[in-house]
Amino acid sequence: KNEVEQSPQNLTAQEGEFITINCSYSVGISALHWLQQHPGGGIVSLFMLSSGKKKHGRLIATINIQEKHSSLHITASHPRDSAVYICAASPNTGNQFYFGTGTSLTVIP
Amino acid sequence: KAGVTQTPRYLIKTRGQQVTLSCSPISGHRSVSWYQQTPGQGLQFLFEYFSETQRNKGNFPGRFSGRQFSNSRSEMNVSTLELGDSALYLCASSPQLGDYGYTFGSGTRLTVV
Numbered sequence: 040k041n042e043v044e045q046s047p048q049n050l051t052a053q054e055g056e057f058i059t060i061n062c063s064y065s066v067g068i069s070a071l072h073w074l075q076q077h078p079g080g081g082i083v084s085l086f087m088l089s090s091g092k093k094k095h096g097r098l099i100a101t102i103n104i105q106e107k108h109s110s111l112h113i114t115a116s117h118p119r120d121s122a123v124y125i126c127a128a129s130p131n132t133g134n135q136f137y138f139g140t141g142t143s144l145t146v147i148p
Numbered sequence: 005k006a007g008v009t010q011t012p013r014y015l016i017k018t019r020g021q022q023v024t025l026s027c028s029p030i031s032g033h034r035s036v037s038w039y040q041q042t043p044g045q046g047l048q049f050l051f052e053y054f055s056e057t058q059r060n061k062g063n064f065p066g067r068f069s070g071r072q073f074s075n076s077r078s079e080m081n082v083s084t085l086e087l088g089d090s091a092l093y094l095c096a097s098s099p100q101l102g103d104y105g106y107t108f109g110s111g112t113r114l115t116v117v
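Residue numbers (the numbering used here), protein chains in the order written: chain A, 40 to 148; chain B, 5 to 117.
Derived from the structure by calculation, the hints contain no laboratory data.
Keep in mind that a hint or two might mislead.
What the hints assert, rightly or not - What follows is a set of in silico ranges between Cβ atoms, one per label pair, in the way DEER data are often shown:
#1 147(A) - 56(B): 42 to 50 Å
#2 59(A) - 77(B): 36 to 44 Å
#3 104(A) - 20(B): 23 to 31 Å
#4 87(B) - 99(A): 36 to 44 Å
#5 118(A) - 55(B): 22 to 30 Å
#6 44(B) - 78(A): 13 to 21 Å
#7 148(A) - 73(B): 40 to 48 Å
Model, not experiment: these values are computed from the prediction.
Here a beta-carbon is modelled for each residue, glycine too, at the ideal position from N, C-alpha and C.
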């Protein structure tokens, strides 16, 4: 069983739609990260969460510690949002990430 | 400021050879961690270095090793390459060990033929 599960695996949306990507984890964490990976491989760290909610532009990330669940929302989606979004958990012990398998998002104009 | 720099960007090696990948962290960052990304396994943690010492290691065979220099630059070495080692290798740097403000490099894509 993976320590971090993401859904959906693939997502296609029309430009302007509201998008939600979900992440569930089974380990105790000190932080939950959302990463964005564009074609070509470069990874950008979008958010680091340990509680509550964070917002950056059209991106919103939430976390529910009791339910061990986090969501990434994209409002007014745009084709440039097309990328793979990866959820990663930093466990309480050790200094490594557990990664979800990623959600491949395609936003169609 | 300059980001995390990984070299080379692309590499082709044959089975049995060894390879060394380089990662230069953001200036002032002292922790460097390495990850392997493959289509089948996704992203997996390899190891993390801080102050020239390996602090944590993932579940990879001993063929995978690394080191960190006094200027925080890190190298990763894979010996006796196998076809399954073909992957994107990413490194990330952060200011301190356990500091989760990681910045990732663009990766080195290794193809083993």
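Here is how each hint holds up against the structure:
1. Between residue 147(A) and residue 56(B) the CB atoms are about 49 Å apart, so this pair conforms to the stated range of 42 to 50 Å.
2. Checked against the given bound of 36 to 44 Å, the beta carbons of residue 59(A) and residue 77(B), roughly 40 Å apart, stay inside it.
3. A C-beta distance of roughly 48 Å is found between residue 104(A) and residue 20(B), which places it outside the suggested range of 23 to 31 Å.
4. Distance hint check for residue 87(B) and residue 99(A): the Cβ-Cβ separation is about 42 Å, which falls inside the suggested range of 36 to 44 Å.
5. The hinted window of 22 to 30 Å between residue 118(A) and residue 55(B) is violated, with their beta carbons roughly 43 Å apart.
6. Range check, residue 44(B) to residue 78(A): about 19 Å between beta-carbon atoms, so the 13 to 21 Å window is met.
7. In this structure the hint that residue 148(A) and residue 73(B) lie 40 to 48 Å apart at CB holds, the actual value being about 47 Å.
The structure fails hints 3 and 5 (numbered hints given earlier, in ascending order).
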